[in-house]
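Chemist: Fit the two chains together into the complex; they arrive one by one in their own frames, and the hints show the way.
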Amino acid sequence: MTQAEDNDLVARAVSGQDTAAFGELVRRHQSHVRNFLRKLCGDHTLADDLAQDCFMHAWDKLQTYSGRGSFIGWLLKVAYTTFLQSKRKSKRYTEILESAGHVADQESRSKVMPSDEITDLDKFLAVLDEEERAIMVMSYACGLSHREIGMATEMPVGTVKSIIFRGKEKIRNSFDIKDHHHG
Amino acid sequence: MTSKIIIMAERIKDAEDRFLESLFESAPIADDGFSQQIVRRVNRQLWVRRLTLPVAALIGGLIAFKPLAGLLSVIGNMSTMISFDAVGVAANSIPQMQNVLLGAILLGAAMLAARILED
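Order-wise, the sequence lines are chains R and H.
Residue numbers are given in numbering that gives the first Met the number 0: position 25 of the first sequence equals residue 24, and the series is strictly consecutive.
Residue numbers are given in numbering that gives the first Met the number 0: position 25 of the second sequence equals residue 24, and the series is strictly consecutive.
Isolated chain H (complex conformation) (with noise of 0.2 Å):
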């Protein structure tokens, strides 16, 4: 109710009022493809943002792959020599390191690019 009172009161306008309404009035701006290219940006934009991820984890993936599978054969190597030799073992895996860190941080370098692409 006070609401409404209010918006009539705020209706009640005087000549001023009146005088400046119809100064600010100005014909409507006709569309002439505005709405068009918009969604036509907007559909751009969200195809952009469902092809980012899988394109930046195929990278990544295919960046990763190589001391990935290093990694899975020093794992495997660890499970049959970790009974016999465990400093023999920590020896062969050292070179094998370099390659998975390295892997992990083009991984994680590649992900937050796509990350600051898609913002």
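Looking at chain R on its own, in the form it has when it is part of the complex (with noise of 0.2 Å):
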């Protein structure tokens, strides 16, 4: 899966809206789409939905790829722009509802696991805010540079580099990490 091949992909999707060509690239992607959105929203059928999204806004998209970073950064960029507008939506859902004299928390109510799901991750995860959880995800489980997820989340690298030490410290501060490493 190269970087050559991600790009002449998308050079045949974009200029004769070549949809098998995009085929494979959401063929070879997905997994990491997948993953990443599964790790920030815990919800696995919540965040195929929003797979599912992020591609169709990358199809949408696919022309302000510029081919600088790597095609799966782009993606992410994207997978994450899609996680944010979400979020915002089902914010502004529970607050009509909450308006209307809903139960706010009915919704986030169900969607709590059941303690025998929860996964170590699960808890190294939850000790973080969102924007954390996000740069931890890409850099660990995607493998993104700094500078891939400077990109993705349009924030200097410096920035990134100061959110990573700071998830890292806050999982040390709430885990003993060195019981992990020995055994």
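Calculated directly from the structure, the hints in this document are not laboratory data.
Some clues are possibly wrong.
[To be verified] In silico contact screen, one side only, chain R against chain H (beta carbon under 7 Å); selected entries:
(1) Gly22
(2) Val25
(3) Arg33
(4) Tyr139
Keep in mind that this is a model prediction, so the values were computed, not measured.
The beta-carbon is built from N, C-alpha and C at its ideal position, and this holds for glycine as well.
Modeler: Shown next, in the form of structure tokens:
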């Protein structure tokens, strides 16, 4: 899976509206995007719906991909934006329900995972805020460089580094990582 | 050169980084028709976009046909009458103008609705 092949597929998809080339791009990167969104939302069904929306947005905006950074970095930027937009919409939806007198936390209560399904990673992610979670997942799960994360989140590289440092510190303070190192 | 050094520096990982990487690592998700589903949605969207403009033009044309025909006949009348009785032409054209305006507004609304649907 090389960058040059990705760029070639993007060029084919953009110039000739070649949906087969775009399908190949989706097939190559769907696992990364879905994993990223699953870790971000903690809800597999919602994450897969968001991944579909993400790829539809990617198709619409494909001509804006300049080919300078990696395609997966660009795709994760689209995925992160899709996630934030959905979050904003659901917040607005909750506000409307609240103003209409409905129980506000109904939705969040229904999404609580059963305790036997909570993994170590879920516990680690729970101590991070949304931004830290997204950046840590991009760095440690998707293997993006700090520069690529900076491009994906529209943050300076220095800020990305300090957020990763802060995230690691939070995890270190909340859990005894040394125990994990040696066994 | 500088960027290569930065990337190398990023790659020098300590035990904590390696631990976090192993923790965040997850099995690849099988495609299971996911990409085909996306391609189907993209193809559907392309068809809708291709059809929107011709369909909107057709509907607008059908709506505007009668007022347009009225407008053409008024123009035809004006060209013959203008030299004889300018006041009379204006009086004849006023009832037709309502139809023309209505047709133009409906055509504009249809085009706007088509644009919104496309978005």
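Chemist: Compare the structure with the hints numbered earlier in the document and write down the numbers of the violated ones, lowest to highest.
Modeler: No numbers; nothing is violated.
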